[in-house]
Amino acid sequence: AQTVTQSQPEMSVQEAETVTLSCTYDTSENNYYLFWYKQPPSRQMILVIRQEAYKQQNATENRFSVNFQKAAKSFSLKISDSQLGDTAMYFCAFMTRTQGGSEKLVFGKGTKLTVNP
Amino acid sequence: GAGVSQSPSNKVTEKGKDVELRCDPISGHTALYWYRQSLGQGLEFLIYFQGNSAPDKSGLPSDRFSAERTGGSVSTLTIQRTQQEDSAVYLCASSKGARRTDTQYFGPGTRLTVL
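Residue numbers (this note's numbering), protein chains in the order written: chain A, 826 to 942; chain B, 118 to 232.
Derived by calculation from the structure, the hints in this document are not laboratory data.
Among the hints, a few may not be true.
[To be verified] To give an idea of the chain A side of the interface with chain B (calculated C-beta under 7 Å), a few residues:
{"#": "1", "residue": "858"}
{"#": "2", "residue": "868"}
{"#": "3", "residue": "869"}
{"#": "4", "residue": "896"}
{"#": "5", "residue": "920"}
{"#": "6", "residue": "923"}
{"#": "7", "residue": "927"}
{"#": "8", "residue": "928"}
{"#": "9", "residue": "929"}
{"#": "10", "residue": "932"}
{"#": "11", "residue": "933"}
[To be verified] Okay, derived cross-link-like pairs now, DSS-like style, lysine-lysine, Cα gap no bigger than 25 Å in a straight line:
{"#": "12", "chain 1": "A", "residue 1": "937", "chain 2": "A", "residue 2": "903"}
{"#": "13", "chain 1": "A", "residue 1": "934", "chain 2": "B", "residue 2": "174"}
{"#": "14", "chain 1": "A", "residue 1": "934", "chain 2": "B", "residue 2": "128"}
{"#": "15", "chain 1": "A", "residue 1": "880", "chain 2": "B", "residue 2": "213"}
{"#": "16", "chain 1": "B", "residue 1": "174", "chain 2": "B", "residue 2": "128"}
All C-beta atoms in this analysis are idealised placements derived from N, C-alpha and C, irrespective of residue type, glycine included.
Generate the whole structure from the sequences, applying the supplied hints.
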């Protein structure tokens, strides 16, 4: 079974500093996609960044970047220059195939990030 | 353009009652997903619609759960004879297609509370 593990239930960081959220996953697939989603108190899940497993280069989106270690099945998210608006739940997710043959996202349990002023 | 919308935002019901949750996907998106987010848990896949194909119901937890998608657009998730363990946030997502490269865009969810 495909699983996603986020080992840090809660984290905090000072505004303007850098924080790294960890994620590990388990899969027997070779070509797959990984995602980080942000869920603020409004509940709206927002895609932060995604990584294609066959690409060795780590994905970056402005202040957000990932450290993708395929052999170790690790996919951490680094947030640079943290802002108060980054306060949210962060979910690591993995795209996999359902029993019915379609695609679905499998999520970790999330990390609650608080950015302190 | 408008994003994914869901209604109601919050729903409180009594154990044993039926509820209907609605999802309006992004216009033009052919794929639609329902997920459930229980307290302290991540999201779990429930059901998936792609165009006019038969839905993938492999994630539905029991036969009390059903969903339909009319005209390839709006979807309704129905929970019959609700139980307290059904209390959760129900999230809908849509994507342009069903490929792994197609990003899923989520709605704000419906928070269901079963008393």
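Inset, instruction - Have a go at the residue 869 of chain A hint: is there a Cβ in chain B nearer than 7 Å to its own Cβ? - result: With a closest approach of 5 Å, the residue 869 of chain A hint holds.
Inset, instruction - Could you check if residue 927 of chain A really has its C-beta closer than 7 Å to a C-beta on chain B? - result: Hint on residue 927 of chain A: holds, closest Cβ of chain B at ~4 Å, below 7 Å.
Legend entry - Residue hint residue 928 of chain A, partner chain B, criterion CB-CB below 7 Å: holds, 6 Å
Legend entry - When the least beta-carbon distance from residue 920 of chain A to chain B is tested against 7 Å, hint result: This hint holds: residue 920 of chain A lies near chain B, its Cβ roughly 5 Å from the closest one there, short of 7 Å.
Inset, instruction - Using 7 Å as the Cβ threshold, decide whether residue 858 of chain A counts as touching chain B. - result: Holds - the Cβ of residue 858 of chain A comes within 7 Å of chain B, reaching about 5 Å at its closest.
Inset, instruction - Would you check whether residue 933 of chain A satisfies its interface hint, that is, whether its CB is within less than 7 Å of any CB in chain B? - result: Hint holds; residue 933 of chain A Cβ to chain B Cβ min 5 Å, cut 7 Å.
Legend entry - Hinted pair residue 934 of chain A and residue 128 of chain B, Cα distance within 25 Å: OK: residue 934 of chain A and residue 128 of chain B at ~24 Å, within 25 Å.
Inset, instruction - Below or equal to 25 Å on CA atoms is what counts here, so check residue 174 of chain B against residue 128 of chain B. - result: Given pair residue 174 of chain B, residue 128 of chain B holds - Cα atoms ~23 Å apart, limit 25 Å.
Inset, instruction - Would you check whether residue 923 of chain A satisfies its interface hint, that is, whether its CB is within less than 7 Å of any CB in chain B? - result: holds, 5 Å
Inset, instruction - Would you mind confirming whether the straight-line C-alpha gap from residue 937 of chain A to residue 903 of chain A stays at or under 25 Å? - result: holds, 14 Å
Legend entry - Interface hint for residue 896 of chain A, Cβ within 7 Å of any Cβ on chain B: Hint violated; residue 896 of chain A Cβ to chain B Cβ min 21 Å, cut 7 Å.
Legend entry - Restraint check, 7 Å cut-off on beta carbons, for residue 868 of chain A near chain B: holds, 5 Å
In summary, the structure is inconsistent with hint 4 from the numbered list given earlier, while agreeing with all the others.
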